[in-house]
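A.B. asks: One-letter residues, chain by chain:
There are 2 protein chains.
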Amino acid sequence: MFNPEFSIFNDWMFGKLSDLLSGVNPPSGSEPILLTIGEPKTPPPKIVKETFNKYYKDWRRYTPSNGTRFFRDSVSEYISRRYPKASEFFDIDDEITPVPGTRAPLFQIGLLLKNGSKNKDISLVTNPFYHAWRAGAIAANEKIIWMDANKETNWLPQPKNIDSEILERSSIMYVASPSNPHGSCASIDWLIQTINICRKNDILLCVDECYADIYRQDYNPPTGTVEALKEIGEGSNGVIIFNSLSKRSSAAGLRAGFIAGDKKVISKYRKLTANGGVAISEPQLRVAAALYKDDEHVRKNRQFYDKNFLLSEKILGFKKPQGGFFNFIPVNDDLIATKHLWENHGVKVMPGRFMANSNNNYNPGENYLRIALVNDENITENGLNKISKGLQELK
Amino acid sequence: MFNPEFSIFNDWMFGKLSDLLSGVNPPSGSEPILLTIGEPKTPPPKIVKETFNKYYKDWRRYTPSNGTRFFRDSVSEYISRRYPKASEFFDIDDEITPVPGTRAPLFQIGLLLKNGSKNKDISLVTNPFYHAWRAGAIAANEKIIWMDANKETNWLPQPKNIDSEILERSSIMYVASPSNPHGSCASIDWLIQTINICRKNDILLCVDECYADIYRQDYNPPTGTVEALKEIGEGSNGVIIFNSLSKRSSAAGLRAGFIAGDKKVISKYRKLTANGGVAISEPQLRVAAALYKDDEHVRKNRQFYDKNFLLSEKILGFKKPQGGFFNFIPVNDDLIATKHLWENHGVKVMPGRFMANSNNNYNPGENYLRIALVNDENITENGLNKISKGLQELK
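As given, the protein sequences belong to chains A and B, one line each in that order.
In our numbering, each residue's number is its place in the first sequence (first place is 1) plus 30.
In our numbering, each residue's number is its place in the second sequence (first place is 1) plus 30.
Incorrect hints may appear among the rest.
Not the full set, but computed from the structure, chain A residues with beta-carbon under 8 Å of chain B [what the hints assert, rightly or not]:
no. : residue
1   : N33
2   : P34
3   : F39
4   : P70
5   : Y86
6   : D88
7   : A134
8   : G265
9   : Q333
The list that follows gives simulated cross-link-like pairs (lysine to aspartate or glutamate, EDC-like), each with its CA atoms no further than 20 Å apart [stated by the list, open to error]:
no. : chain 1 : residue 1 : chain 2 : residue 2
10  : B       : K87       : A       : E326
11  : A       : K71       : B       : D88
12  : A       : K87       : B       : D406
Keep in mind that the hints were calculated from the coordinates and are not lab data.
In this text, all values refer to a predicted model and were calculated from it rather than measured experimentally.
A virtual CB, placed ideally from N, CA and C, is assigned to each residue, including glycine.
Working from the sequences, and respecting the hints, build out all of it.
C.D. replies: As structure tokens, this is what we get:
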């Protein structure tokens with residue numbers, strides 16, 4: 031009865047974790063510490079509440095799929111502040127559009143390409159992956175080719191090493207910077223090279239930048255894909271950038287962000303939204319605009335994560351990543367470590383292999399643990415100390 | 031480059047209307063009256079604001095694709111109040127799930143069925159249609175067969191008249207009660223018959239009930255599909271009901287509602303949402319629950335529309351429909367009438383033929399006008415008087 035493509039969704043990291051820990055109980059007497067989910071724990075800034083109250087009456091309204099000029103202006107201003115070299119790069123009406131978080135458009139833009147090009151039957155996806163990339167990839171093409179990213183490649187895929195025959199057969203490529211889950215950031219050279227490879231092969235490049243504003247403040251801010259586009263100087267053709275407020279503004283529930291880039295894709299995406307997608311309401315667009323106009327609350331968020339990463343360097347001894355809010359650290363066996371930490375220390379973490387696909391018997395996430403550093407200092411310190419102790423016990 | 035299926039979206043009623051009226055200007059000197067869009071003009075009730083403020087901090091959170099038990103409970107209670115004969119019919123955890131409005135799930139549930147059954151290649155869609163039904167239909171199957179609805183059939187399609195060979199080849203059927211745009215309501219016999227035909231032929235029946243609570247208060251409330259399911263007594267297998275707060279609570283921007291029915295479909299829908307859809311935030315679920323728990327604001331909304339339909343009966347002389355908030359009235363030529371009303375009276379209405387597909391050279395919406403009665407009494411009265419005058423001039 032059901033679409034056979036979607037059976038891939040049965041393979042799901044939280045489902046696998048639940049199976050792994052089935053029958054394994056944390057020690058009684060202390061509250062378990064859940065470091066599995068990348069959900070911000072800091073409250074959203076006050077402007078969220080104020081702006082919602084101001085525009086409360088507009089909940090009655092439908093909004094068009096391109097949002098409002100007011101919202102798109104706020105995005106353009108944000109891009110100009112965040113990436114001064116690429117100031118005002120995008121056409122505000124045709125190359126920027128609001129999205130209800132990035133999960134849905136990551137999927138839907140894959141769907142937009144389905145059967146769109148003869149001789150193209152492959153989607154290229156960074157591995158480890160975010161499950162919405164996989165959903166978009168399988169919506170676009172029957173075949174996914176996984177682009178492994180690991181320590182040797184700074185946790186970024188290497189499109190330059192992909193066979194030219196594979197590239198020619200590909201219609202879409204999903205990458206992220208800062209990377210998920212490691213938080214390493216692409217250089218401008220890597221971005222330029224990747225854009226050029228995709229353009230040469232008529233591949234739509236989807237760059238997930240949902241962690242663009244979550245970086246360690248003693249490092250440089252991550253380079254943006256828009257800066258690479260500006261440097262190349264040939265417009266936004268063939269590239270879509272995904273940005274979200276979920277992490278930037280600790281507003282995962284707000285389901286607001288934007289995509290920017292190729293205007294042909296933006297136009298098709300808007301039509302799909304108008305026919306079968308989710309538009310963002312006027313109050314949400316107002317709140318999202320207020321958040322994109324403000325950088326101070328984001329600086330405070332970064333400060334919050336900076337403290338946690340300082341703790342983590344001190345307690346676990348691994349160098350902090352440039353971006354994101356996860357630790358992704360090597361262990362002897364990620365499944366054994368995950369069970370041990372839950373059973374003996376009441377700390378839940380995510381085995382790296384559940385976040386990646388096995389590719390020719392190689393899983394780039396295997397024997398890594400993903401640890402979310404999103405809780406307050408006390409919980410984080412307590413959790414990290416328990417992890418440190420647990421990992422010592424396994425040595 | 032793009033999915034050829036979605037080229038169907040280029041055929042779009044508002045685009046056609048814009049083309050029709052291109053170069054046609056309304057008279058200067060008076061404000062144009064737009065009666066084209068079914069957007070509630072009454073403000074959402076106060077509980078919306080209060081509830082958002084109460085749960086403001088939860089904007090930071092992700093919510094699971096099945097929402098919360100609190101929300102699902104409120105839906106179950108609503109169904110029990112609204113359809114007492116079918117009280118507590120659905121399993122609260124497995125057969126009810128939140129949706130971000132009905133447009134996205136109407137599309138996505140079609141997508142869930144794609145290539146799901148050998149020998150099935152047809153989607154059945156009520157004509158005139160809502161564009162999200164068409165989007166879901168084309169996502170499910172390459173071929174759409176239009177089920178005409180017109181005055182002779184009380185604006186409901188007649189599945190019993192469809193060839194058995196067509197029914198066997200169909201995997202999904204879209205119907206609505208109250209119907210769109212006419213607002214006529216299905217009887218329990220029609221619903222039972224339609225469910226039985228779909229079950230016999232292994233067709234997923236999608237019933238759009240987004241106008242379920244918008245009816246004339248001197249008529250009976252529209253019968254619900256859940257009442258027919260209860261009467262048949264074989265559970266919810268093969269049926270999905272779509273309900274939304276957009277009209278019920280004048281909260282189109284809230285993007286909240288529910289689907290209820292076949293638990294296999296609900297389960298697949300949740301997986302698609304988790305991988306590439308839009309979950310509804312905790313604050314929105316709280317507001318939606320508060321709205322489903324309250325009937326008084328809905329009664330006031332109905333009163334508002336009742337007054338407009340009284341005016342319309344008086345001014346235009348057409349019998350009011352049982353449900354919905356549109357007038358759908360016959361004219362000599364809907365294109366000529368639409369242009370005439372805009373050019374000479376500054377009133378914008380929707381030609382019926384733009385809402386329907388031509389089926390063997392017959393378009394069931396042709397020579398009808400859709401007039402939205404969503405504005406306040408003054409605007410509505412003024413608009414209807416102008417329409418009356420304009421139509422007289424064309425006689």
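A.B. asks: Against this structure, judge whether each hint is valid.
C.D. replies: Taking the hints in turn, this is what the structure says about them:
no., hint, result
1, N33, "4 Å, holds"
2, P34, "6 Å, holds"
3, F39, "4 Å, holds"
4, P70, "5 Å, holds"
5, Y86, "5 Å, holds"
6, D88, "6 Å, holds"
7, A134, "5 Å, holds"
8, G265, "16 Å, violated"
9, Q333, "17 Å, violated"
10, B:K87 <-> A:E326, "19 Å, holds"
11, A:K71 <-> B:D88, "10 Å, holds"
12, A:K87 <-> B:D406, "16 Å, holds"
Violation of the numbered hints given earlier is confined to hints 8 and 9; the remaining hints are satisfied by the structure.
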